[in-house]
Amino acid sequence: MFKKFVQITALFNFPIAFGIMIPELLSPKASSFIITLVLASFLICIGAALLWAVSDLPRRAPIIVWNGLVRLFGFVVVTYAASSGMAPTLFIPIAVMDLIIAAIYILGSAKGTGIPIFSLIIGKSNS
117 MFKKFVQITA LFNFPIAFGI MIPELLSPKA SSFIITLVLA SFLICIGAAL
167 LWAVSDLPRR APIIVWNGLV RLFGFVVVTY AASSGMAPTL FIPIAVMDLI
217 IAAIYILGSA KGTGIPIFSL IIGKSNS
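Going by the working numbering, the first residue of the sequence shown is number 117, and it counts up by one from there.
To be clear, the hints were calculated from the coordinates, so they are not data collected in a lab.
All figures in this text were calculated on a predicted structure; none of them were measured in a lab.
Computed beta-carbon distance windows for the label pairs:
1. SER200 to ILE138: 26 to 34 Å
2. SER143 to LYS227: 39 to 47 Å
3. VAL212 to PRO144: 26 to 34 Å
4. SER200 to PRO139: 23 to 31 Å
5. LEU142 to VAL192: 27 to 35 Å
6. ALA198 to ILE124: 22 to 30 Å
7. MET117 to SER143: 36 to 44 Å
8. ILE238 to ALA146: 37 to 45 Å
9. ILE238 to PRO144: 38 to 46 Å
10. ILE210 to SER143: 20 to 28 Å
11. LYS145 to PRO204: 12 to 20 Å
12. PRO139 to GLY239: 32 to 40 Å
13. TYR196 to SER147: 22 to 30 Å
14. LYS145 to ASP172: 35 to 43 Å
Here are the simulated EDC-like cross-link-like pairs (lysine to aspartate or glutamate), alpha carbons at most 20 Å apart as the crow flies:
15. LYS227 to ASP172
16. LYS119 to ASP172
17. LYS120 to ASP172
18. LYS119 to ASP214
19. LYS240 to ASP172
20. LYS120 to ASP214
For each residue, glycine too, the CB sits at the ideal point set by N, CA and C.
Generate coordinates for the entire structure from the input sequences, incorporating the hints supplied.
Right, here's the structure in full:
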């Protein structure tokens, strides 16, 4: 179940990446071109890395944990921005979904491998 969850959420990275990349390529703006394409490329790479990691969970669980930590950081940033009136309303439910995914990634990796979370954070695995 955990592996399927990671695969499904990893696959969502691809349409999101293409969805932000294509409009920028069709109508480039100097103020957003580089950051948008770098972000989209990052999402594609993370999706691929998650799919790769879940294929050998005992060895590659730290990748999933670190993606969870990135999502957790994103939640913290959006929470701060929302409390300061800087976050669009649409970002709040997305951030909450990322928080849930982060918890599942981190806790699921630890449970699925039997490796403590801190050990996964520092890159330990069942090699």
